[in-house]
Amino acid sequence: MAAGDALVPIQQQWAVCQYQQTGKAKESCLETLSTQAEAASAKEPFRADLLIWSAIVKSTWAGAKGGLGALGLVKEAKAKLELALKQDPKALDGSAYTSLGSLYYQVPGWPVGFGDDEKAEQLLKQALTINPDGIDPNFFYGDFLLDQGRKAEAKTYLDKALAAPARPGREVADEGRRMEIRDRLAKL
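Taking numbering that gives the first Met the number 0, the leading residue of the sequence shown gets 0, the next gets one more, and so forth.
If you're looking for bench data, these hints aren't it; they were derived computationally from the structure.
Bear in mind the structure is a predicted one, so any value in this text is a computation, not a measurement.
Some hints here could point you the wrong way.
[Said to hold, decoys possible] Pairs of lysine to any residue, SDA-like flavour, derived with a Cα cap of 25 Å:
| id | residue 1 | residue 2 |
| --- | --- | --- |
| 1 | 64 | 6 |
| 2 | 159 | 11 |
| 3 | 42 | 66 |
| 4 | 150 | 167 |
| 5 | 118 | 165 |
| 6 | 186 | 167 |
| 7 | 85 | 154 |
| 8 | 85 | 150 |
| 9 | 159 | 113 |
| 10 | 23 | 42 |
| 11 | 64 | 124 |
| 12 | 89 | 120 |
| 13 | 159 | 109 |
| 14 | 85 | 64 |
| 15 | 64 | 74 |
| 16 | 77 | 151 |
| 17 | 23 | 62 |
| 18 | 74 | 124 |
| 19 | 124 | 148 |
| 20 | 64 | 154 |
| 21 | 150 | 169 |
| 22 | 118 | 88 |
| 23 | 25 | 45 |
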């Protein structure tokens, strides 16, 4: 990443939107950031990292928006992640696998959406082969396992996510993710 890179402010603002905003303010924050992330990705279309973050922002916005109106956003995010995987599957330590896997288990299945638990598990495991100690792949796989009722396995991955090393410049995101991890562990 070069100085003045568009990626860092997108990552930092996403953490603010996701973890420091609520309700309509969160939705509005993510909508604005989605426009900015789209523009950054359009300027440099062959950068898988910007595609991935455009998708992350869009899918997070969909989650904040909720309902059937969010499905179009999620489908757009899915397409961006699939393109990023074609460009560079190891970009951002396999984050496209993590994000796509999380979409597959969080989105409803057919006929409403494209959700597929088997595909989700396959993608999340692929993310872990690339980044076995990362906070996000361990969190999302642990969350998936918890969703599947596989509590003992979920605890292993959630504990590993909680122990993941801090990411420089991502303090707000790490703090927010650790709160989510503790919330999931409390459900075990």
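Query raised in the report: For which of the previously enumerated hints does the structure constitute a violation, in increasing order of number?
Result: 3, 4, 5, 6, 7, 8, 9, 10, 11, 13, 14, 16, 20, 21, 23
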